[in-house]
Amino acid sequence: MIVFDQVTKRYPDTTADVVNQLSLTIHDGEICILVGPSGCGKTTTMKMINKLIPPSSGSILIDGQDIGAIDTISLRLNIGYIIQDIGLFPHMTVAENIATVPVELGWKKDRISARVDELLDLVELDPKDYRHKKPREL
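Note that my numbering numbers the sequence shown so that position 87 is 463, with each residue one more than the last.
Hint data in this document are derived by calculation from the structure and do not stem from the laboratory.
Any given hint might turn out to be false.
[To be verified] Cross-link-like lysine-lysine pairs, in silico, DSS-like; alpha carbons within 30 Å at most:
no.	residue 1	residue 2
1	Lys-423	Lys-385
2	Lys-484	Lys-504
3	Lys-418	Lys-385
Given the sequences, and given the hints that come with them, work out the whole structure.
Here you go:
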């Protein structure tokens with residue numbers, strides 16, 4: 377379960393809160409989608425839960441534990457979210473981009489290679505043709 381308890385974020389040198397006293401409980405198994413106009417605090421909220429930026433006040437709990445007490449790397453490896461803009465590393469191949477998280481998780485090379493091929497097949501791209509291309513070549 378993820379709990380936002382009266383979470384507020386105000387950036388330095390501003391007078392308005394980007395996120396103002398957000399209270400939200402997301403139970404295990406629920407899917408939560410943040411929707412709203414540009415500038416309403418969606419990205420800021422996600423950055424706070426992932427410890428990319430700290431809240432100005434309030435607390436964020438995961439399974440009853442304040443995220444401040446959770447190891448940052450462990451936290452980030454266990455949270456997934458979809459960003460609104462492309463997030464590919466331009467200097468890496470398609471296969472290397474896909475393999476980023478599995479490498480961090482310590483997967484063996486053969487498992488990573490099989491997963492890369494599986495995902496390319498899923499989007500109907502021939503792995504032989506696309507795994508070694510850079511994003512700009514797609």
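To see whether the hints hold, each was checked on the structure:
1. The straight-line distance between the Cα atoms of Lys-423 and Lys-385 is roughly 11 Å, inside the 30 Å bound, and the hint therefore holds.
2. At most 30 Å may separate the alpha-carbon atoms for a hinted pair to count; Lys-484 and Lys-504 meet this at roughly 20 Å.
3. Simply put, Lys-418 and Lys-385 have alpha-carbon atoms about 12 Å apart, close enough for the 30 Å limit, and the pair holds.
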